[in-house]
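S.K.: Same order as they appear, the protein sequences are chains A and B.
In case it helps, the working numbering puts the first sequence at residues 1 to 289.
In case it helps, the working numbering puts the second sequence at residues 1 to 271.
What the hints contain is simulated information worked out from the structure, not anything from laboratory work.
One or more of the hints may lead you astray.
As the list claims (entries may be wrong) - The calculated BS3-like cross-link candidates involving lysine-lysine, where the alpha carbons are at most 27 Å apart (straight line), are:
(1) A:K188 x B:K185
(2) B:K158 x B:K212
(3) B:K185 x B:K212
(4) B:K158 x B:K185
(5) A:K188 x B:K158
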Amino acid sequence: MFEATVQNRRNRKVEGLFRLLFLWMTCMLILPVALILGVLVYRGGPAISWEFLFTQPLNNMTAGGILPALVGTVWLVVVALIASVPVGVAAALYLSEYAPDNRLTRAINLAIINLAGVPSIVHALFGLGAFVIFFRFGTSILAASLTLAVMTLPVVIVATRESLQTVPLAFREACWNMGATRWQTIRKIVLPNAISGILTGVILEVSRTSGETAPIMFTGAAFFLPFLPQGVLDQTMAMSLHLFVISTQVPDVPEHMPFGVALVLISMVLAMNGISIAFRVYLRGRKKW
Amino acid sequence: MTEASSAAGFTPAAADASAAILIEKLNLWYGDFQALLDVDLRVRAGAITSLIGPSGCGKTTLLRSVNRINERLGYVRTTGSIRLWGLDVLDPSVEVAQLRKQVGMVFQRPNPLLLSVRDNVLFGTRVHLPDGRPPNRVEGDRIVEEALRQVLLWDELKDSLDRRGTELSLEQQQKLCIARLLPVKPRLLLMDEPCSALDPAGTEAVEELIWKLRGDYTILIVTHNMAQARRASEECVFMLLGEIIEHSDTASMFLNPANDQTAAYIEGRYG
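Assemble the whole structure, with the sequences as input and the hints as a guide.
M.R.: Rendered as structure tokens:
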């Protein structure tokens, strides 16, 4: 009565097969990440030292450290954040909390998705035309950061909107039914509950921004500039471009240097992602519905 | 109406003192679909009136028209009049925030805010005060105690006012949601199946509370639960397909309904 039939055995075999297939694909996914990290640590690890992180490049970038690029990347990311976060969060608030569901709103949503799909080199050319030339910011941190901001805006908007939409409608209804305006509802209930998701989105954006090369190439990042930027209208070196330059444009760079730069860059990104995840776990633990 | 319409806010006048709600020729469309057809209804002040009828008959729509929360949907069109204490709430001069202060609403699923019990109770008060001028500590304590006593929660919760509203039991949550409405002194409470998410004990407790609140507040309650309508309301309105079929006091509706459709519904032949 309870013996397996032929069909049962066949089902079990197929079941096992698919399980194996999916497991294999998952391993394939992890493998490149592990390999990249492994190679970077193995080959770039020896390059890392206090000196490497905190001194100027020397000898045509074949020796010395990466301080101007490190500081430059921080500048670029921070200014890009200052430009994109307020705009992105405000736009997401409008789209999620105020906008009626009509053709215009749908068109805006479509535009945001398309903006996310624009190749970064196109953003670079846009930034060159708009910020460097038209607004006369010159090649500067400001122009480069604004280009990065435009490029990452969709990420901020989508992340913010998604986290706003995880706040149950019941909370909003409760507020509206007590005579609260939309803004009172947003400020007192929706934002406090959505803030963890918004911050996560922002931090992810930071990590994405810090690795971008194309958008800053024409707009503000310098090939070689062995001093630190003094303000947003200065040009600067940046980690991503520096990596590109010493890997392809400069002869006689010791082999461990590009790997070292890549390791520092990826560590920055991973550290920020780690913070983001820790933060999300912390804030999630506090909310319950 | 002209005199009242010219007032900036929404201040109830004592027109027909025995009618809290007077609805006349109310028609309501969701897009092309007409959900309410020529509804006339008079709700007695200080009484509990229950709205019964099968799903989709327009009970909730009618309830949600009274505090104009339906309008949020954008594609809703309404004709006719809804008067609360003599004032037409559909009048363009009505300040919706003031209307909703006078008309509290309780939902099917308890929806306490993700705040402490204390802040939940004070939320309504704060919404209607200028920023940075919340009730002070003493005043706030008094408001919280009074509201929680009214909903019979004070003894249970007086030592845990800092707990989150969402951590309470469902019964306590629903009582808290009622308590939250009281500090702004509403005169009408709308309840949309307030017990349907609760277990039998919770249902009984909340029904008792609703019964206790009658007199102080006019209560309009939507329910799917025949026994509940019978136990916990004084007047009963039976709706079918967007129309009011019968309206009478609860006892006589359940003992000898005037209409065959009412009888059929009450006996459980459909719904």
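S.K.: Below or equal to 27 Å on CA atoms is what counts here, so check K158 of chain B against K212 of chain B.
M.R.: 21 Å, holds
S.K.: Given the hint that K188 of chain A pairs with K158 of chain B, does the C-alpha gap stay at or below 27 Å?
M.R.: At roughly 24 Å apart (the allowed maximum being 27 Å), K158 of chain B and K188 of chain A satisfy the hint.
S.K.: Against the 27 Å threshold, does the CA-CA distance of K158 of chain B and K185 of chain B hold or violate the hint?
M.R.: Holds, at about 21 Å.
S.K.: Measure nothing beyond the straight line between the CA atoms of K188 of chain A and K185 of chain B; if it is 27 Å or shorter, mark the hint as holding.
M.R.: 22 Å, holds
S.K.: Can the restraint linking K185 of chain B and K212 of chain B be considered satisfied, given a maximum Cα separation of 27 Å?
M.R.: 16 Å, holds
Violated hints for the displayed structure: none, as all numbered hints are satisfied.
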